[in-house]
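If you're matching them up, the sequences are chains A and B in order.
Counting along the first sequence from 1, when you hit position 287 you're at 501 in our numbering, and nothing is skipped either side.
Counting along the second sequence from 1, when you hit position 212 you're at 1261 in our numbering, and nothing is skipped either side.
Some clues are possibly wrong.
From the derived model, a few chain B residues whose C-beta atoms are all more than 10 Å from chain A [as the list claims (entries may be wrong)]: (1) S1069; (2) L1190; (3) P1318; (4) L1366.
Distance ranges between label pairs, derived from CB positions [as the list claims (entries may be wrong)]: (5) A:W251 - B:P1195: 44 to 50 Å; (6) B:P1313 - A:F324: 46 to 52 Å; (7) A:L456 - B:L1137: 23 to 29 Å; (8) B:Y1310 - A:Q505: 46 to 52 Å.
Now the stretches of chain A that chain B is said to cover, found in silico as 3 or more residues with beta-carbon under 8 Å [to be verified]: (9) 245-257; (10) 361-375; (11) 413-423; (12) 466-472; (13) 479-492.
Keep in mind that the hints were calculated from the coordinates and are not lab data.
The C-beta atom is built at its ideal place from N, Cα and C for all residues, glycine as well.
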Amino acid sequence: MAMQSMMQPGSSSPYVVSNRRAKMRQLQSRLLWAATWVALSLVVLVIGDILWLVVSKGMHGLSVTTFTTDTAGVAGGLQNAILGTLSLIGLSLLIAGPLGIFAGIYLALFARARVATAMRFANDVLAGVPSIVLGYCGYTMMVEKWGWGFSVLAGAITLSVLTLPYIVRMTEASLRQLPKAYMEGALALGLSPASALRTILFRPALPGILTGLLLAVSIGVGETAPLIYTAGWSNFNPAMHLLKSPIGYLTYVVWTYLNEPYAAAHQLAYTAAFLLILLVLLLHIGVRFLQRGTRTSE
Amino acid sequence: MKISRLFGRVFYGTTGFAASSPLLLLLLIGGVLLYDAWPAWEYQGWSFFTGISWNMGNMYASGAVTHHGVQAAPGASFGILPFIVGTLGSSLIALVIAVPIAVLTAFGLVYKVPVRASAILSPVIELLAGIPSVVYGLWGLAVLAPFVQNGLGPLLAHLGRIIPYLAGPVGTGLGMLTSGLVLAVMITPVMIAATRDLLMQVPRLPVEGALALGLTSAESVRYVSLPYVRRGVFGAIILAWGRALGETMAVLMISGNANNYLPPNLYSPISTMASTIAALLDSALTDFTGMAVHALALIAFTLLLIAIITNLLARVLLQFGHSEASVEV
């Protein structure tokens, strides 16, 4: 960053004899940085346009009834979808959270280098598996073969497979960045690894672990493909049954209601998109907040 | 003492099991898909990848025909070449557009944008990476498709005299070009973030040395910074490519979902492999022989293999490049 002052275009020394070649090189330099600015403004323009579209069109539809009524036909509110998204996410965190955190602990503290490399690779591949593939597997196994039907549990388990790799990765990273002396000192004092973790390592690693969880939530909130064939869709609030009762979620509204030929349905789709972006924004602010916390404590 | 030792053992075992769960899940997914897909492979063989027609056969026939020992409806054929072409076409368009823009933007963010402005821009770009894919689909439908239909499409179609593939008709704006553009928007932030993180790791001395030797700032970027991060950037590109290949919802919303023909021009409706699984599973369930579902499983298995290969490739590039410049993507 501090290089900037030195890297102004055409900052060649005044003692260089000006000739055609030098002019050409300066021109090239200017051109590159001009292209950079064009690219940068294009990116900013697109971000702005996406946010503007969703905010300007989604704001209109937002009212108290959005949160208090269910979707009905092509209109209504989003209560069922909001509650559905929350219960899917909550349940998937209950599954992927402990599993991912334990996995991260093992990778950071116990695993031998080779084993850790293999496990990390499997984790990365799992993160890269297209979400529809997970949805398909969830469908054939849980919905069909095990006879769960479209259900909260099938949706939540599929989501937790999807979000698990991010939790593992962040937990491992946050434990690894702690000074080695923490662990070694604790072991030298006779603590077992488990109690060293609980009493010493856990606190400083906590912001990183929470970041992983928030990241997982923000990814899970935005997913659609793995849920279509596992959670199904329902116009009603989540019934408190884990199996055989389909459940609504926000992304489904964006996807399907946009194809309906009614203005009210389109409005609902934009409102749902607005809520999704708002949710993702809040989660990102949360992540920033946590990261700032770690930086000052170091 | 004994209890605490037992607890330690249990803790070690539990975390070990948890850590192997991603691998176990991958094996489980691979196994399930392979098991599900096998009949389709028996039925169709290599023509699965080269056939053009996706046809579940006569659903009203009185009985199934047996072919290579597996049952399917009469006249059924499952060829996914159009989906492969759609997947490759849209993702390559995305890469061609996104790579230069992302790399240039990252250069700008690291070397040109004032620190304060980049402190605002960086989180915004990261937010872009977190936007749900249906929202990108929404934007594609509302903004990009009309733009392609009325603006970009006709403009490019003028070039059709030189490059035949660009010739019209432009159609509704739902098709390969729009899908490629939306995919480009989706993978750009990920690549920007990765490239920016890599550039931050370039040691300062060589760059300053290059400037001191009289290189222009652009030359120092070209000959010092870029070689340093090149492999890492390639790795990030491949990971982004993998993401574009597997993207489902946004493509499903804007690709036009065409079956059974190869796209004759840049604007024609397509389907990708991932979007096909989402689009056709409902109808495939009506196949009384179950063969259509098996064929979808074969597509899913192919996608799984692609995910493994792209990750492997990216990892190799990221790890055996400059060991100092590595990045988590």
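Report task. Could you see if the CB distance from P1313 (chain B) to F324 (chain A) stays within 46 to 52 Å? Result -> Between P1313 (chain B) and F324 (chain A), where Cβ atoms are some 57 Å apart, the hint is violated.
Report task. Given the hint of 46 to 52 Å, check if Y1310 (chain B) and Q505 (chain A) actually sit that far apart at their C-beta atoms. Result -> Because 50 Å falls inside the window, the suggested range holds.
Query raised in the report: Counting residues of the stretch 361-375 of chain A that have a beta-carbon nearer than 8 Å to any beta-carbon of chain B, does the count reach 3?
Result: violated (count 1)
Query raised in the report: Was P1318 (chain B) rightly flagged as not at the interface, with every chain A Cβ beyond 10 Å?
Result: Given that every Cβ of chain A is farther than 10 Å from that of P1318 (chain B), nearest at about 15 Å, it holds.
Query raised in the report: Given as covered by chain B, does the stretch 479-492 of chain A meet the bar of three residues or more with CB within less than 8 Å?
Result: holds (count 5)
Query raised in the report: Within the assertion that chain B covers the stretch 466-472 of chain A, do at least three residues meet a Cβ-to-Cβ distance smaller than 8 Å?
Result: With 3 residues close enough to chain B, the hint holds.
Report task. Beyond 10 Å from every chain A Cβ: check whether that's true for S1069 (chain B). Result -> Violated, because the least Cβ-Cβ distance between S1069 (chain B) and chain A comes to about 6 Å, which does not exceed 10 Å.
**Report entry** Assessment of proposed distance window 23 to 29 Å (beta carbons of L456 (chain A), L1137 (chain B))
**Finding:** violated (41 Å)
Requested in this report: Find the nearest Cβ of chain A to the Cβ of L1366 (chain B) and say whether that gap is larger than 10 Å.
Outcome: holds (13 Å)
Report task. Please confirm whether L1190 (chain B) is truly not at the interface, meaning its C-beta sits more than 10 Å away from all C-beta atoms of chain A. Result -> violated (6 Å)
**Report entry** Stated coverage of the stretch 413-423 of chain A by chain B [criterion: 3+ residues, CB within 8 Å]
**Finding:** n = 0 at 8 Å, threshold three: violated.
Query raised in the report: So the hint says 44 to 50 Å: do the beta-carbon atoms of W251 (chain A) and P1195 (chain B) match that?
Result: Cβ of W251 (chain A) to Cβ of P1195 (chain B): about 27 Å, so the range 44 to 50 Å is violated.
Hints 1, 2, 5, 6, 7, 10, 11, counting from the list given before, are not met by this structure.
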